[in-house]
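Q: As given, the protein sequences belong to chains A and B, one line each in that order. With the working numbering as the guide, the letters of the first sequence map in order to residues 30 to 166. With the working numbering as the guide, the letters of the second sequence map in order to residues 63 to 640.
Derived from the structure by calculation, the hints contain no laboratory data. Certain hints may be false.
To be verified - Chain B is nowhere near these chain A residues, computed Cβ spacing over 12 Å in every case:
| # | residue |
| --- | --- |
| 1 | 87 |
| 2 | 90 |
| 3 | 91 |
| 4 | 93 |
| 5 | 143 |
| 6 | 146 |
| 7 | 147 |
| 8 | 150 |
| 9 | 151 |
| 10 | 154 |
What the hints assert, rightly or not - Over 10 Å on every C-beta distance to chain A, these chain B residues come out as not near it, computed from the model:
| # | residue |
| --- | --- |
| 11 | 121 |
| 12 | 127 |
| 13 | 213 |
| 14 | 217 |
| 15 | 302 |
| 16 | 312 |
| 17 | 404 |
| 18 | 442 |
| 19 | 453 |
| 20 | 484 |
| 21 | 498 |
| 22 | 499 |
| 23 | 509 |
| 24 | 513 |
| 25 | 559 |
| 26 | 563 |
Claimed, not checked - Label-pair distances were calculated between CB atoms; the ranges are:
| # | chain 1 | residue 1 | chain 2 | residue 2 | range |
| --- | --- | --- | --- | --- | --- |
| 27 | A | 137 | B | 90 | 23 to 33 Å |
| 28 | B | 605 | A | 80 | 32 to 42 Å |
| 29 | A | 158 | B | 403 | 45 to 55 Å |
| 30 | B | 204 | A | 110 | 52 to 62 Å |
| 31 | B | 449 | A | 80 | 35 to 45 Å |
| 32 | A | 147 | B | 308 | 38 to 48 Å |
All C-beta atoms in this analysis are idealised placements derived from N, C-alpha and C, irrespective of residue type, glycine included.
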Amino acid sequence: MRNESRLLLVVSLFGAVIGVLFWAVGLSPVYATITSGGTIMLGAVCLLGLLPGYYYHWWSRRMSPRSEDDPEATPESGAGVVGVFPGTSIWPFVLGMSALLVCLSLVFGFWTAIFGFSLAIAAVVGVILESRRGGAI
Amino acid sequence: MTLLAERPGVVQEPGGPDHGHGPTGILRWLTSTDHKVIGKSYLITSIVFFLFAGVMAVLMRTQLASPDSTIVSQHTYNELFTMHGSLMLYLFAGPFAFGGLANYMVPLQVGAPDMAFPRLNALSYWLYLGGGLTMIGGFLTVGGAADFGWVAYAPLSNAVNSPGAGPDMWIVSLILTGFSAIFTGVNICATVFYLRAPGMTMFRVPIFTWNMVVTGILILIAFPVLTAAMVMLWCDRHLGTHIYTVSGGGVPVLWQNLFWFFGHPEVYILALPYFGMVTEILPVFSRKPVFGYRGMVFATITIGALSTSVWAHHMFTTGVVLLPFFSLMSYMIAVPTGIKFFNWIGTMWRGSLKFDTPMLFAVGFLVVFLFGGVTGVFLASPPIDFATHDTYFVVAHFHEVLFGSAVFAGFAGLSYWYPKMFGRMLRESLGKASFWFMFVGFWVTFLPQYLLGLHGMPRRIAEYSASTGWTTLNRVSTAGAYILFLAVAIMVVNFYVSWRRPIHASGNPWDGHTLEWATTSPPPPHNFFRLPPVRSERPLWDFNHPEHTTRAHEAEHEGGTPSRRGTRATGGGADGAR
Numbered sequence: 030m031r032n033e034s035r036l037l038l039v040v041s042l043f044g045a046v047i048g049v050l051f052w053a054v055g056l057s058p059v060y061a062t063i064t065s066g067g068t069i070m071l072g073a074v075c076l077l078g079l080l081p082g083y084y085y086h087w088w089s090r091r092m093s094p095r096s097e098d099d100p101e102a103t104p105e106s107g108a109g110v111v112g113v114f115p116g117t118s119i120w121p122f123v124l125g126m127s128a129l130l131v132c133l134s135l136v137f138g139f140w141t142a143i144f145g146f147s148l149a150i151a152a153v154v155g156v157i158l159e160s161r162r163g164g165a166i
Numbered sequence: 063m064t065l066l067a068e069r070p071g072v073v074q075e076p077g078g079p080d081h082g083h084g085p086t087g088i089l090r091w092l093t094s095t096d097h098k099v100i101g102k103s104y105l106i107t108s109i110v111f112f113l114f115a116g117v118m119a120v121l122m123r124t125q126l127a128s129p130d131s132t133i134v135s136q137h138t139y140n141e142l143f144t145m146h147g148s149l150m151l152y153l154f155a156g157p158f159a160f161g162g163l164a165n166y167m168v169p170l171q172v173g174a175p176d177m178a179f180p181r182l183n184a185l186s187y188w189l190y191l192g193g194g195l196t197m198i199g200g201f202l203t204v205g206g207a208a209d210f211g212w213v214a215y216a217p218l219s220n221a222v223n224s225p226g227a228g229p230d231m232w233i234v235s236l237i238l239t240g241f242s243a244i245f246t247g248v249n250i251c252a253t254v255f256y257l258r259a260p261g262m263t264m265f266r267v268p269i270f271t272w273n274m275v276v277t278g279i280l281i282l283i284a285f286p287v288l289t290a291a292m293v294m295l296w297c298d299r300h301l302g303t304h305i306y307t308v309s310g311g312g313v314p315v316l317w318q319n320l321f322w323f324f325g326h327p328e329v330y331i332l333a334l335p336y337f338g339m340v341t342e343i344l345p346v347f348s349r350k351p352v353f354g355y356r357g358m359v360f361a362t363i364t365i366g367a368l369s370t371s372v373w374a375h376h377m378f379t380t381g382v383v384l385l386p387f388f389s390l391m392s393y394m395i396a397v398p399t400g401i402k403f404f405n406w407i408g409t410m411w412r413g414s415l416k417f418d419t420p421m422l423f424a425v426g427f428l429v430v431f432l433f434g435g436v437t438g439v440f441l442a443s444p445p446i447d448f449a450t451h452d453t454y455f456v457v458a459h460f461h462e463v464l465f466g467s468a469v470f471a472g473f474a475g476l477s478y479w480y481p482k483m484f485g486r487m488l489r490e491s492l493g494k495a496s497f498w499f500m501f502v503g504f505w506v507t508f509l510p511q512y513l514l515g516l517h518g519m520p521r522r523i524a525e526y527s528a529s530t531g532w533t534t535l536n537r538v539s540t541a542g543a544y545i546l547f548l549a550v551a552i553m554v555v556n557f558y559v560s561w562r563r564p565i566h567a568s569g570n571p572w573d574g575h576t577l578e579w580a581t582t583s584p585p586p587p588h589n590f591f592r593l594p595p596v597r598s599e600r601p602l603w604d605f606n607h608p609e610h611t612t613r614a615h616e617a618e619h620e621g622g623t624p625s626r627r628g629t630r631a632t633g634g635g636a637d638g639a640r
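Here chain A stands alone, though its shape is the one from the complex (with noise of 0.2 Å):
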């Protein structure tokens, strides 16, 4: 896991970086309007890095060791049950579609919305159904 943590620790720390060096740059009174919008994306950059970055690295320092980080581990070592996954689902394409039809409606007006929201209902009861008989997101 820590190699994982690194390379978002790594991801954060550039925009720490270059979001400083780019408000600094950008004090002169000429740009002072315009650099605020990047200074603040590029702290979002360090922002969205810094979260999993940090929850991976003090995951890594509580879990067992896992074979995939063991440069030795043979494959018996990692044999057995990986997860539970859905083997087919139609929730997915029902959410899609719901996920259409509402985004349409800023498009053709409220009315396909309604069918939107209501396939979206179906879809959620659906996944959430199926989850409790077991499956992965």
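Use these hints to put chain B onto chain A, whose structure you have.
A: Same frame as chain A, but now just chain B:
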């Protein structure tokens, strides 16, 4: 129906867990959560969009073949270049790589039974398909499709200048495909972080997968900004907000800042996966390990990081950006890209090269992308950019970069992995013919465009007068576009031939290095009957050629008695490979 995914031990009998009585026919396609089915759907859908956008390009080149041409109207021309760019960038180049090939190959390369979130994966595809059809649906509306360019600059894209349902459908389509890309990015990162095979540490993951992880992170950085910008644009158009209009106190250039903060990482979201494909193909057809594995990973991460801080080099002529900052940052991207080129050449150096179709396309990519990249370095210089901004010089530059990666490297990856995905080979003769037509057509199309740009021809004009003297160069460029069309047509014939008269492919037709070749073609549900032990970044090669393993080679080097054959097969590049 849910299935327990089990990771096999050393040997597992074919047959595996309980499969084969799911739904059939169209219901199988609608309900599948198998990353292989979704990956293929992505591939086929994106190629259809590619062909559609290619026809638009040919129409535009036909229009420009002669001065004062009236084959299409000015308004139609605007729609054509907008939809050509939008389809190629949002619906072909990205989804082809991170929706199609990555979806199919990343779980296989890390030895996983499926993507980490199979149902989320299916949802991404349906959002992508729905969004793509919405974008094309713009042509069916009264006012026609969006016609403000793929960048939709404010205030051209507001309700006064671009009224009608077509532009709204374009906005909605980008919101949908944006979410689709975000979900795929999350999925790929989670798969690589959590579902790797035993022994596959992060620094043994194939470069293609590494590049997809970095691409996934870039997607998470860039696409939310695009989606937010689109929602604000919609609010400007319909709710009377003034975010991008001067009259209400807004800032039009904010649109450019937001768009390019998405747009420049997007360029690398489009390029990095294709760099990864080339990095997979060159070692296999040179029969050597990739030269400088860690250097490649470092270069990928550096390119990804730097790409978030160069967005305003698209906005030099607005006069409100930090020219020195963005110019310097843009120059710096050339360094990791140069490392990649060095390592690609190092991989081929003294290898036993085999020029099959994938390798031809990969080498073609190196040449083409080098030219596009070098002209990109020119454009990072503000004085040169001021002179060439919005001319055909820029058009030629980004077509060389994007056509080089998405089509040359994309076809390389497609013909390399086609046997794995469809269990049958493509015809070598047709593939090579397609390559040579494409390579020639490419230069004939885009070299004249550089000259046209230097002669001052602006982008996005439907007509020009004969007195400008641009006619000859435009004719040559149009002829090149027809050659490119022919090359793509040969590729399509190749698919058709392999569909009607299949030559069955073995599990490992290219003597590949990575885990996707360790299973059957096409792979069974949940992918693997057995996994070889992972001891280097090319586990399958080590398994199939125990006398030439990466480790054995290192031991030889330390012992100072390399066997001749071993040196030849694994090459001198192994030093840098660890």
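Q: Now look at each hint and say whether the structure bears it out.
A: Evaluation of the provided hints:
Once the 12 Å rule is applied to beta carbons, residue 87 (chain A) is consistent with being away from chain B; the minimum gap is 15 Å. Listed as outside the interface, residue 90 (chain A) is consistent with that label: its C-beta sits roughly 16 Å from the nearest C-beta of chain B, beyond the 12 Å cut-off. Against the 12 Å criterion, residue 91 (chain A) stays outside the reach of chain B, whose nearest CB is about 16 Å from its own CB. With a least beta-carbon separation of about 14 Å from chain B, residue 93 (chain A) lies farther than 12 Å from that chain, consistent with its non-interface assignment.
The beta carbon of residue 143 (chain A) sits about 17 Å from the closest Cβ of chain B, which is more than 12 Å, so the claim that it is off the interface holds. Listed as a non-interface residue, residue 146 (chain A) keeps its Cβ farther than 12 Å from every Cβ of chain B; the least gap is roughly 16 Å. Its beta-carbon lying about 17 Å from the closest one in chain B, residue 147 (chain A) satisfies the requirement of being farther than 12 Å from that chain. In this structure residue 150 (chain A) is separated from chain B by more than 12 Å, as the shortest Cβ-Cβ distance comes to about 16 Å.
The Cβ of residue 151 (chain A) lies farther than 12 Å from every Cβ of chain B, with a closest approach of about 14 Å, so its non-interface assignment holds. In this structure residue 154 (chain A) is separated from chain B by more than 12 Å, as the shortest Cβ-Cβ distance comes to about 14 Å. Annotated as non-interface, residue 121 (chain B) keeps its C-beta farther than 10 Å from every C-beta of chain A; the closest such distance is 26 Å. With a minimum CB-CB distance of about 36 Å to chain A, residue 127 (chain B) clears the 10 Å threshold, and the non-interface call stands.
Distance check for residue 213 (chain B) against chain A: the nearest CB is about 17 Å away, which clears 10 Å, and the non-interface claim stands. At the 10 Å boundary, the C-beta of residue 217 (chain B) stays outside the reach of chain A, the nearest C-beta of that chain being 17 Å off. Non-interface call for residue 302 (chain B) relative to chain A: holds, since the shortest CB-CB distance, roughly 15 Å, exceeds 10 Å. Every CB of chain A is more than 10 Å from the CB of residue 312 (chain B) (nearest about 12 Å), matching its label as outside the interface.
With a least CB separation of 22 Å from chain A, residue 404 (chain B) remains clear of the 10 Å interface cut-off, as annotated. Annotated as non-interface, residue 442 (chain B) keeps its C-beta farther than 10 Å from every C-beta of chain A; the closest such distance is 17 Å. For residue 453 (chain B), the condition that its CB be more than 10 Å from all CB atoms of chain A holds, with the nearest at approximately 25 Å. No Cβ of chain A comes within 10 Å of the Cβ of residue 484 (chain B); the nearest lies about 21 Å off, and the non-interface call holds.
With a cut of 10 Å on Cβ distances, residue 498 (chain B) stays outside the contact zone with chain A, its closest approach being about 40 Å. Under the 10 Å C-beta cut-off, the non-interface status given to residue 499 (chain B) relative to chain A holds; the minimum distance is some 38 Å. With a cut of 10 Å on Cβ distances, residue 509 (chain B) stays outside the contact zone with chain A, its closest approach being about 36 Å. Its beta-carbon lying about 35 Å from the closest one in chain A, residue 513 (chain B) satisfies the requirement of being farther than 10 Å from that chain.
For residue 559 (chain B), the shortest C-beta to C-beta distance to chain A comes to about 32 Å, beyond the 10 Å cut-off, and the non-interface label holds. Remark: the non-interface label on residue 563 (chain B) is consistent with the geometry, its nearest Cβ contact in chain A lying 32 Å away (cut-off 10 Å). Distance hint for residue 137 (chain A) and residue 90 (chain B): a CB-CB separation of about 32 Å, consistent with the stated range 23 to 33 Å. Checked against the hint of 32 to 42 Å, the pair residue 605 (chain B) and residue 80 (chain A) passes, with Cβ atoms roughly 39 Å apart.
Evaluation of the 45 to 55 Å hint for residue 158 (chain A) and residue 403 (chain B) yields a pass: the beta carbon distance comes to about 53 Å. Take residue 204 (chain B) and residue 110 (chain A): their Cβ atoms lie about 56 Å apart, and the range 52 to 62 Å holds. Restraint check, residue 449 (chain B) to residue 80 (chain A): a C-beta distance of roughly 43 Å satisfies the suggested window 35 to 45 Å. Under the hint 38 to 48 Å, the C-beta atoms of residue 147 (chain A) and residue 308 (chain B), about 42 Å apart, fit the expected range.
This entry satisfies every hint, going by the numbered hints stated previously.
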